[in-house]
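Student: Start from the sequences, fold in the hints, and give me the full structure.
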Amino acid sequence: MPHDHDDHHHDNELDPMAARVRALETILTEKGLIDPQAIDAIVDTYETKVGPRNGARVVAKAWSDPEYADWLRRDATAAIESLRYTGRQGEHMQAVFNTPDTHNLVVCTLCSCYPWSVLGLPPVWYKSPPYRSKAVIDPRGVLTEFDLVLPETTRIRVWDSTAELRYLVVPMRPEGSEGMSEEQLARLVTRDSMIGTGLALVPEAA
Amino acid sequence: MNGPQDLGGQMGFGPVAPEKNEPLFHADWEKRAMGMTIAAGAMGHWNIDESRHARESLHPADYYTSSYYEIWAKALEVLLKRHGFVQPLELDAGRSLGKGTQPKRVLKAENVAAALAKGGPCDRPVAGAPRFQSGDRIRTHNFNPEAHTRLPRYARGKLGVVEAVRGGFVFPDSNAHGKGENPQYVYTVVFSAPEIWGDGADPAVTVSIDAWESYLEPA
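From first to last, the protein sequence lines stand for chains A and B.
Using our numbering, the letters of the first sequence map in sequence onto residues 1 to 206.
Using our numbering, the letters of the second sequence map in sequence onto residues 1 to 219.
Some hints here could point you the wrong way.
No farther apart than 20 Å at their CA atoms in a straight line, the calculated lysine-lysine pairs in the PhoX-like style are these [stated by the list, open to error]:
| id | chain 1 | residue 1 | chain 2 | residue 2 |
| --- | --- | --- | --- | --- |
| 1 | B | Lys118 | B | Lys99 |
| 2 | A | Lys49 | B | Lys118 |
| 3 | B | Lys179 | A | Lys127 |
| 4 | B | Lys118 | B | Lys81 |
| 5 | B | Lys108 | B | Lys118 |
| 6 | A | Lys49 | B | Lys108 |
| 7 | B | Lys118 | A | Lys127 |
Selected chain B positions facing chain A (in silico; Cβ < 7 Å) [claimed, not checked]:
| id | residue |
| --- | --- |
| 8 | Met1 |
| 9 | Phe13 |
| 10 | Gly41 |
| 11 | Pro103 |
| 12 | Arg105 |
| 13 | Ala114 |
| 14 | Gly119 |
| 15 | Pro125 |
| 16 | Val126 |
On the chain A side, residues computed to face chain B include the following (Cβ under 8 Å) [stated by the list, open to error]:
| id | residue |
| --- | --- |
| 17 | Leu28 |
| 18 | Asp35 |
| 19 | Glu81 |
| 20 | Ser82 |
| 21 | Trp125 |
| 22 | Tyr131 |
| 23 | Gly176 |
If you are wondering where the hints come from, they were derived from the structure by calculation, not from laboratory data.
Predicted, not measured: the structure shown is a model, and the values here were computed from it.
Idealized CB from N, CA, C, for every residue including glycine.
Tutor: And the structure:
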């Protein structure tokens, strides 16, 4: 009988990493080095409070308000902070704007640097060797994996986040979005469009 | 160091394969590993540069077969052992076997929101004026340190142009090793793809890095 005890995390119990991480948490808790409820609170922050909807609101505001866009271009940290998106892995922000001529793509070849304050935790692919190795040498090839084919004449700028600056791509505002509210616009802004592996969504034809 | 983390331009890892509707975590232990890494870091006994160096110092075979939260968890064990908080026997036993280093502070649940909102800014004042200005042509340093560095191999010894002066920041190459913050100016430096990758590179591609001043020489 495979399920012979009552732990509903049974499948994880069998996983070596689950066992290893649980052992570590037990040790640190017994020693009073960590508060398990603090871990709950950290996880909850990134599950429910900090995620790519933050960045989408920044982009939607930049699309709607030229003065805000200008501020975002000059001092992204302050402009983003004005919307109350601050903190860990967003301390030093840069916003880079796509144009008809130039598409921006962000990577961290050396680790997993990512603008948590506006995008939340990075997806697995962003942190994994295929993307980190290829984004700097074959960005067009990477984009095709995201079904994004740019004209050959479109310049691509790859930003390798090698220091503590964190990059937010501001995608181009899609055609057909004239007159939409910031709230409506924010729904067009995908996470990938703010990494550069996608474009903003086109509003469905009315 | 020329470790497994220095991935720019390497080949053979296969497709990026983004997962559709990817969940934020793929297992409960990932949540604990993520939270524990932050909570243990908040004790204040190591910095983000030392953390990164612990991750890139995993054996390459281990690094490449580990998911990113596995890398975090394994590096966290290294840091906890190095700083005397945990003994190897305890990791084997899965329980505490006695006191270790006493922490400077412990992150409590009620302080998490404030701690995450504050983050860990690493900009610092630097005496004197920046050596380079926007538009300056530079060549990046060519070196192969065994220690931590944030100058990737693909961008060493290359000609580029300074695009922006970003201000002073903690220097990871010394900070990762307990040798002080020694802040330097950081610059965004742009290279053409042909300068980096040579034959056959796409002339419509440019790549930038953020480089500390000592990584750069006038060209």
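Student: All hints are to be evaluated individually against the structure, with a verdict given for each.
Tutor: Cross-check of the supplied hints:
no.	hint	in the structure
1	B/Lys118 with B/Lys99	violated (30 Å)
2	A/Lys49 with B/Lys118	holds (15 Å)
3	B/Lys179 with A/Lys127	violated (28 Å)
4	B/Lys118 with B/Lys81	violated (27 Å)
5	B/Lys108 with B/Lys118	holds (15 Å)
6	A/Lys49 with B/Lys108	holds (19 Å)
7	B/Lys118 with A/Lys127	violated (24 Å)
8	Met1	violated (11 Å)
9	Phe13	holds (4 Å)
10	Gly41	violated (10 Å)
11	Pro103	holds (6 Å)
12	Arg105	violated (10 Å)
13	Ala114	violated (9 Å)
14	Gly119	holds (4 Å)
15	Pro125	violated (15 Å)
16	Val126	violated (14 Å)
17	Leu28	holds (7 Å)
18	Asp35	holds (5 Å)
19	Glu81	violated (10 Å)
20	Ser82	violated (14 Å)
21	Trp125	holds (5 Å)
22	Tyr131	holds (5 Å)
23	Gly176	violated (25 Å)
Hints 1, 3, 4, 7, 8, 10, 12, 13, 15, 16, 19, 20, 23, counting from the list given before, are not met by this structure.
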